Amino acid sequence: GNSVTQMEGPVTLSEEAFLTINCTYTATGYPSLFWYVQYPGEGLQLLLKATKADDKGSNKGFEATYRKETTSFHLEKGSVQVSDSAVYFCALSLPAPGAGSYQLTFGKGTKLSVIP
Amino acid sequence: DSGVTQTPKHLITATGQRVTLRCSPRSGDLSVYWYQQSLDQGLQFLIQYYNGEERAKGNILERFSAQQFPDLHSELNLSSLELGDSALYFCASSVAVGQVVSGYTFGSGTRLTVV
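Taken in order, these protein sequences are the chains called A and B.
The working numbering numbers the first residue of the first sequence as 1 and each following residue consecutively.
The working numbering numbers the first residue of the second sequence as 1001 and each following residue consecutively.
Treat the hints with care, as some may be off.
No more than 25 Å apart at the CA atoms, straight line, and that leaves these computed lysine to any residue pairs for SDA-like [unchecked claim]: (1) A:Lys108 with B:Leu1083; (2) A:Lys111 with B:Asp1071; (3) A:Lys108 with B:His1010; (4) A:Lys56 with B:Val1095; (5) B:Lys1057 with B:Ser1086; (6) A:Lys108 with B:Thr1105; (7) A:Lys111 with B:Lys1057; (8) B:Lys1057 with A:Ser83; (9) B:Lys1057 with A:Thr65; (10) A:Lys111 with B:Val1095; (11) A:Lys77 with A:Asp55; (12) A:Lys111 with A:Arg67; (13) A:Lys108 with B:Gln1044; (14) A:Lys108 with B:Ser1038; (15) A:Lys56 with A:Ala27; (16) B:Lys1009 with A:Lys56; (17) B:Lys1057 with A:Thr5; (18) A:Lys108 with B:Gln1041; (19) A:Lys111 with B:Phe1045; (20) A:Lys108 with B:Val1114; (21) B:Lys1009 with A:Gln45; (22) A:Lys108 with B:Leu1088; (23) A:Lys111 with A:Gly29; (24) A:Lys60 with B:Ser1002.
Treat the hints as calculated values from the structure; they're not laboratory data.
The structure displayed is predicted, hence computed values, not measured ones.
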């Protein structure tokens, strides 16, 4: 089946440090890929997306490139801030088997804490 | 405010009881998804409805059921509750069942505590 694997957390960084959160996927077909962010006490928000190979998604200084050859979609940010502290989820979207519809499959999430 | 409304925000109930969680999708969205988020299992897809019809089922227990009403709001019913059902339950919506290129819009969740 389809699955998403994220690096284990938690990740603790100092402000202005470089961030990488690894994400790899297993899928039959060509999924769309997403990063969602969950701030404390809130729901998930879409951070960025990429719909085909070599696409780069970017938002709020975060970037991720859809790498079909390595089945990866790593999240990066050049200089993190305290306000980036949150849980980050990698996800893929593919048709649900036999359902005629698409659904998101999520990784387990990576908690990021940024300290001043 | 994401536009997806979930009520109640918090729910505390005893084992063996039944609860109903409610979700109003974002205006214009026809598809509703329910997810369960627990510490050990992460985000698990439960069930999807599109315009009143069930479209896909994930890891939903037989004790759980859902429906989507003509006004497109959805309810998730959890019965014979067990301690292990304690979790955050999220509702999300999207415009259609087609390729979700824009992602889902999530509500802020209902935190269920079973004691």
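Cross-check of the supplied hints:
1. A:Lys108 with B:Leu1083: holds, 21 Å
2. A:Lys111 with B:Asp1071: violated, 37 Å
3. A:Lys108 with B:His1010: Cα-Cα ~23 Å, so holds.
4. A:Lys56 with B:Val1095: Holds, because 24 Å separates the two Cα atoms, which is no more than 25 Å.
5. B:Lys1057 with B:Ser1086: holds, 20 Å
6. A:Lys108 with B:Thr1105: holds, 19 Å
7. A:Lys111 with B:Lys1057: Cα-Cα ~28 Å, so violated.
8. B:Lys1057 with A:Ser83: violated, 36 Å
9. B:Lys1057 with A:Thr65: It is violated: about 30 Å lies between the C-alpha atoms, which goes past 25 Å.
10. A:Lys111 with B:Val1095: Measuring from Cα to Cα gives roughly 29 Å; hence the hint is violated.
11. A:Lys77 with A:Asp55: holds, 17 Å
12. A:Lys111 with A:Arg67: holds, 23 Å
13. A:Lys108 with B:Gln1044: holds, 9 Å
14. A:Lys108 with B:Ser1038: holds, 10 Å
15. A:Lys56 with A:Ala27: holds, 19 Å
16. B:Lys1009 with A:Lys56: violated, 36 Å
17. B:Lys1057 with A:Thr5: It holds: about 22 Å lies between the C-alpha atoms, which stays within 25 Å.
18. A:Lys108 with B:Gln1041: holds, 8 Å
19. A:Lys111 with B:Phe1045: holds, 20 Å
20. A:Lys108 with B:Val1114: holds, 23 Å
21. B:Lys1009 with A:Gln45: holds, 17 Å
22. A:Lys108 with B:Leu1088: holds, 14 Å
23. A:Lys111 with A:Gly29: Violated: A:Lys111 and A:Gly29 sit about 29 Å apart, past 25 Å.
24. A:Lys60 with B:Ser1002: Roughly 18 Å separates the two Cα atoms, so the pair holds.
Hint compliance for this structure: hints 2, 7, 8, 9, 10, 16, 23 are broken, all remaining hints hold.
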